[in-house]
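Since chain Z is already given, all that's left is putting chain Y on it; use the hints.
Protein chains: 2
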Amino acid sequence: MHTLLLPSDLLLSEGEQTLPDAQMHHLVTVLRAKLGDKVDLTDGCGHKRVAEISQLAKRSAAITFISDVEQVPPPAVEITLFQCIAKPARMDWLVEKAQELGVKRLVPIVSEFVQIKPKDSSVERWVRIAEAAITQCNSGYLMQIDAPHTWKEALLLFSEQPTLLTDLRETVRTCSSAINGMDSSVRKVGIIVGPEGDLSPAELEQAQAVGTIPVTLGTNILRVETAALYAISAVEEAFAQRK
Amino acid sequence: MHTLLLPSDLLLSEGEQTLPDAQMHHLVTVLRAKLGDKVDLTDGCGHKRVAEISQLAKRSAAITFISDVEQVPPPAVEITLFQCIAKPARMDWLVEKAQELGVKRLVPIVSEFVQIKPKDSSVERWVRIAEAAITQCNSGYLMQIDAPHTWKEALLLFSEQPTLLTDLRETVRTCSSAINGMDSSVRKVGIIVGPEGDLSPAELEQAQAVGTIPVTLGTNILRVETAALYAISAVEEAFAQRK
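As you go down the protein sequences, you meet chains Z and Y in turn. Heads up: the first sequence is residues 1 to 243, going by the numbering used here. Heads up: the second sequence is residues 1 to 243, going by the numbering used here.
Pulled out of the complex, with its shape left as it was, chain Z reads as follows:
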């Protein structure tokens, strides 16, 4: 079945609805949908619905809802990934995977040893990747992607929730044991992942000074995107265990 990301107001409306150009184009050109095809709809804000293509011309398409609005249960843990910006191919891949795994928010960070200067178009590209991934993984929640933060700006966000610091070599605490040590009311967790060149000693010190929790990701040296994925998986698995 086709899946389409639709603005909330449209998904929550009633009656036959004309599709905006972008969605119409995606449906016709990318998904090659036909008149009468069923379409899974999500607004990326926790709503899903099923519709049928009720009109289809060269440059316009309309849908008719054939189900009620379904409220998707939120994930067991809201993860904010504080990701020092990696090289483009790895960062793109990481954005896709973070969306698939249901990360709530991605905060790209320009730390001292980040080698890439992010452009405005970088964020736009990441958003497009996340949008493509949400339709693929049939999730109800679109990952929020912030504009790039400086390290100083990011530091202020680390203490908004318990935040794991994955870039410190000396610790033996696992992600799971860090999660298990948290109060059972905790539902939000941050994860900090350094860039290819690691966080600087000063940055590591500053992160620890604001109360982040150093964790180990095992004995191997992982690439940036592998480290992020391992930590996300470990945190989600620990919360799945809690239920």
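No lab work stands behind these hints, which were simulated from the structure alone. It is possible that some hints are incorrect.
Identical copies carry no separate label here, and so any pair may be met within one copy or between two of them.
Dumping the calculated DMTMM-like pairs for lysine to aspartate or glutamate here, alpha-carbon to alpha-carbon at most 25 Å [claimed, not checked]: (1) K38 / D120; (2) K119 / E170; (3) K152 / D183; (4) K87 / E131; (5) K48 / E196; (6) K34 / E196; (7) K38 / E196; (8) K104 / D40.
Just chain Y now, with coordinates in the frame of chain Z:
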């Protein structure tokens, strides 16, 4: 520092050693090493050692060992990944990540809905990717990569160790709870990951009939390579917790 994968007999020998052509080429052309540079050596079988480049000409290079042989402790769990063959770009990426995360053995499987016909060159490419990844992640163990197995052949291997079946939608058992339910003497775990088109109902039934353990990877639909990475991470994290 440069890292080089070297045959065991060479790494375990004494005195000045001339490098085989492949390693010489890699050192000179890819790593652009210079006379006197230090090189981290691994044989992929659990041995590491440090050497210095003691001779360097256009078409030959020699090293002299400057450390004893170090025996790398084996990972807490030996994972065999039973991976139905995914599309090339995703499979390549998965091989890199599996090596980074220290998977012991990769068994590529041609199941019913696998869309790719593996060639001999596929396995050679995967081995090259794993070899490149081991030098990057500084691990001591090279992942063993089997020639592609038919589903029937693979079925015989599932019961050689407790094996998790990740492709079944109906279960609520997590990877961690499956691991925690195993005898504490267990050190080997298999993970089965289906292809883009999933395992067939008959294959799912056959896998369960030989005693594999269905597990959930969460509520989102994950791409093949994401599913593999999530399961590997969850299993390793559960074993790290056990220690």
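A quick look at each hint next to the structure:
| no. | hint | in the structure |
| --- | --- | --- |
| 1 | K38 / D120 | neither (36 Å within a copy, 41 Å between copies) |
| 2 | K119 / E170 | neither (34 Å within a copy, 43 Å between copies) |
| 3 | K152 / D183 | neither (28 Å within a copy, 47 Å between copies) |
| 4 | K87 / E131 | both (20 Å within a copy, 21 Å between copies) |
| 5 | K48 / E196 | between (38 Å within a copy, 24 Å between copies) |
| 6 | K34 / E196 | between (45 Å within a copy, 24 Å between copies) |
| 7 | K38 / E196 | between (44 Å within a copy, 21 Å between copies) |
| 8 | K104 / D40 | within (21 Å within a copy, 40 Å between copies) |
Going through the hint list in order, the structure does not satisfy hints 1, 2 and 3.
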